[in-house]
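Turn these sequences into a full structure, and let the hints guide you.
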Amino acid sequence: MVGFDPERTVPLPHYVYGACGASAAFISRFFTQPIDVCKIRFQLQIEPIKRGEVASKYQGLNQAVRLIVKEEGAGALWKGLLAAQSLSLVYGLVQFASFEKLNKALWTLNLTDNPKNPLFYFLCGSLSGVAATVAAHPLDVVRTRFVSQGRQKVYESIFQSFGMISRQEGFRGFYRGIVPAVIQIVPYNGASFAFYSKFQEIFRSYSGKKSSESDAVESLTCGFLAGAFAKTLIYPLDVMKKRLQVQGFEAGRKGFGKYVSVDSFRHCITEIWRLEGLGGFFKGYSPSLLKAAFATGLNFYCYEQFLRACSNHYSRQP
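Counting from 1, position 262 in the sequence shown corresponds to residue 262 in the UniProt record's numbering; the numbering is continuous, with no gaps.
In short, the hints are calculated from the structure, not lab data.
Check the hints yourself; a few may be wrong.
[Stated by the list, open to error] With beta-carbon atoms standing in for the labels, derived distance ranges:
no., residue 1, residue 2, range
1, 201, 70, 39 to 49 Å
2, 207, 275, 46 to 56 Å
3, 261, 312, 53 to 63 Å
4, 270, 221, 38 to 48 Å
[Stated by the list, open to error] When the alpha-carbon atoms are kept at most 20 Å apart in a straight line, the in silico SDA-like pairs for lysine to any residue are as follows:
no., residue 1, residue 2
5, 57, 315
6, 50, 273
7, 101, 123
8, 57, 71
9, 57, 73
10, 116, 229
Idealized CB from N, CA, C, for every residue including glycine.
Given below as structure tokens:
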């Protein structure tokens, strides 16, 4: 049910797509937040993520979880959840609302006879991803900083963090890392929707299913694979985005190892290569892959379930 279906008999108000997208993103964020916390800690660590590396605070996923719980309590695995959920709500709302609108608008131009064509999905997914990223990026910056700070807190609440960033860094502070964020979201979001459409096509060719309705196994499996493939394509850009988002936040990074100051996208690339080599661009890849796969699977599944419930509701309207 993701995307425009010319055979859909029940028209839905456009805001329903945004509401379903926001609700789906809210649920997937809650269940994947602990993995995301570990992923961000890994991405921001300059030292190698390697077992037995004395200079490294975090040496692996299991060790990182145990250390975070030991030093900061179990609640730290959901650190920055309010900012993260705010980010997810805005992102999910804009992403799915704009995707559905674009999908329908471009199909009516007769650019393709199949509105679920993977290339068509890639284009709509890319454009909707850019719109959602620009809308939600200030919350992404705040979320990253909340997750990256340890016991010595600089930010105590989401409202305080917005005030501090505004006073100390100005408007620019809310859009740190926006260049790699937009560069990465074009292939990532486009690929997520395109892979989802393609995997659904493959899944149905084997299952023989004809209905346009997706069941739980189909949605979760296709979404899981789509998220994993898409994240692998753009991962280095995600690392650079996170490094740029914590610039100007040295106080919150005390106790987490070396801090490297960079002032541009290009400078970030050269510093990662100089200090960490190729592996630096893939810091936190394992938890990120897990998070992307589970989050994408849950996102598509929940979105389709909410959309189905809304369709059933409106079909009963006189």
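Hint check results:
Between residue 201 and residue 70, the C-beta spacing of about 47 Å keeps the proposed range 39 to 49 Å intact. The given range of 46 to 56 Å is respected by residue 207 and residue 275, whose C-beta atoms sit roughly 49 Å from each other. The beta-carbon spacing between residue 261 and residue 312, approximately 54 Å, falls within the hinted interval of 53 to 63 Å. Checked against the hint of 38 to 48 Å, the pair residue 270 and residue 221 passes, with Cβ atoms roughly 40 Å apart.
In summary, the hint linking residue 57 to residue 315 is not supported, as the alpha carbons are separated by about 56 Å, beyond the 20 Å threshold. Of the pairs offered as hints, the one joining residue 50 and residue 273 holds, with about 18 Å between alpha carbons and a cut-off of 20 Å not exceeded. Of the pairs offered as hints, the one joining residue 101 and residue 123 holds, with about 12 Å between alpha carbons and a cut-off of 20 Å not exceeded. Note on residue 57 and residue 71: the hinted pairing holds, with a Cα-Cα distance of about 12 Å set against a maximum of 20 Å.
For the suggested pair residue 57 and residue 73, the alpha carbons sit about 16 Å apart, so the restraint of at most 20 Å is met. Taking the CA atoms of residue 116 and residue 229, the gap is about 19 Å. The hint holds against a cut of 20 Å.
Taken one by one, the earlier hints fail for this structure only at number 5.
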